[in-house]
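Asker: Whole structure, please, built from the sequences with the hints as guidance.
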Amino acid sequence: MKVSETVVDRLIEQKDYATAFMFAREQRDLLDRVTEKYIAEQLSASQLFLSLVSTANFEQLIDTFPRQQWSRIFALILSRTDRALMVHYMRKMALKWYSEKESDMLPAALAAIVAQDVELLLHASRLYSSDERLAQAIVLRNATGAVVNEEYETLLCTYCEKLIAGGVVDVAWRLLSSFDTKNERLLSLRHSLYFICGGEERTMTKEPTNPRSAHIQAISNSISFSLRQQRNTPFHQSTTPRSGSLTSAAYNQRPPPLQTTNSFTCASNGL
1 MKVSETVVDR LIEQKDYATA FMFAREQRDL LDRVTEKYIA EQLSASQLFL SLVSTANFEQ
61 LIDTFPRQQW SRIFALILSR TDRALMVHYM RKMALKWYSE KESDMLPAAL AAIVAQDVEL
121 LLHASRLYSS DERLAQAIVL RNATGAVVNE EYETLLCTYC EKLIAGGVVD VAWRLLSSFD
181 TKNERLLSLR HSLYFICGGE ERTMTKEPTN PRSAHIQAIS NSISFSLRQQ RNTPFHQSTT
241 PRSGSLTSAA YNQRPPPLQT TNSFTCASNG L
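Numbering-wise, the numbering used here puts 87 at position 87 of the sequence shown, and it's gapless, one number per residue.
Treat the hints as calculated values from the structure; they're not laboratory data.
Don't take every hint at face value.
[Said to hold, decoys possible] Capping the alpha-carbon separation at 27 Å, the derived lysine-lysine pairs in BS3-like fashion look like this:
(1) 206 to 182
(2) 15 to 37
(3) 162 to 182
(4) 37 to 92
(5) 37 to 96
(6) 206 to 162
All values reported here derive from a predicted model rather than from experimental measurement.
Answerer: Now the structure itself:
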């Protein structure tokens with residue numbers, strides 16, 4: 001059923017945006033009109049909240065709702081959306097609140113946790129110590145299987161090195177033993193920890209990948225290839241002369257015999 005523009009305009013004049021949105025939701029042109037008017041208005045937090053909640057317009061609600069009342073929109077999205085939309089909106093809120101660079105990053109960190117986004121959580125928790133940031137990220141990853149990024153791996157490696165330096169090698173091994181990574185620093189550290197912790201007999205696992213063995217094999221293959229190439233070149237032949245030639249050459253290079261002068265002969269005859 002089409003709604004009269006006059007009715008909608010009257011509702012806008014009375015600043016009853018909740019009702020105006022409800023009447024206009026089936027007509028795109030009217031809905032856009034109400035939205036434009038609404039955005040131009042300086043509404044109180046309560047009016048804004050009720051207006052957008054009535055139409056489940058969470059995108060605009062996130063963009064316009066005061067950050068100071070973040071808990072209200074946080075609770076609303078948790079209670080009024082399905083899982084896929086909840087993750088989408090929580091990620092949007094985490095990005096928005098993090099970009100505002102406020103001193104209190106708790107709202108952004110909580111939104112990132114609900115969105116299961118490790119990268120956003122690490123960004124939002126920069127005011128905390130490295131160990132605290134990593135602890136939060138580890139819990140989130142273990143609980144949800146969230147994908148991690150390079151920053152997470154760097155923090156994890158640094159933390160495990162601290163544990164090893166403090167003698168807590170078992171904890172470091174547990175953190176790395178089943179961690180799926182291609183980071184060579186972490187792979188190398190895990191391989192070393194495997195033997196420090198007693199090898200297969202004590203860890204009850206097979207020897208993990210050693211990234212250094214691949215480098216060593218590559219260097220060995222490169223050297224072998226170079227040696228084969230040198231042997232196959234026409235210039236790589238013995239240049240040592242035969243013994244006869246050496247003797248002849250040495251004879252030909254001997255200095256000429258000493259020639260006596262006439263004066264020396266005459267002097268000898270006179271003695």
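Asker: Decide, hint by hint, whether the structure agrees.
Answerer: Structure-based check of all given hints:
1. 206 to 182: holds, 18 Å
2. 15 to 37: At roughly 9 Å apart (the allowed maximum being 27 Å), residue 37 and residue 15 satisfy the hint.
3. 162 to 182: Status holds; Cα separation ~21 Å.
4. 37 to 92: Distance ~24 Å between residue 37 and residue 92 Cα, so the pair holds.
5. 37 to 96: holds, 23 Å
6. 206 to 162: holds, 25 Å
In summary, this structure violates none of the numbered hints.
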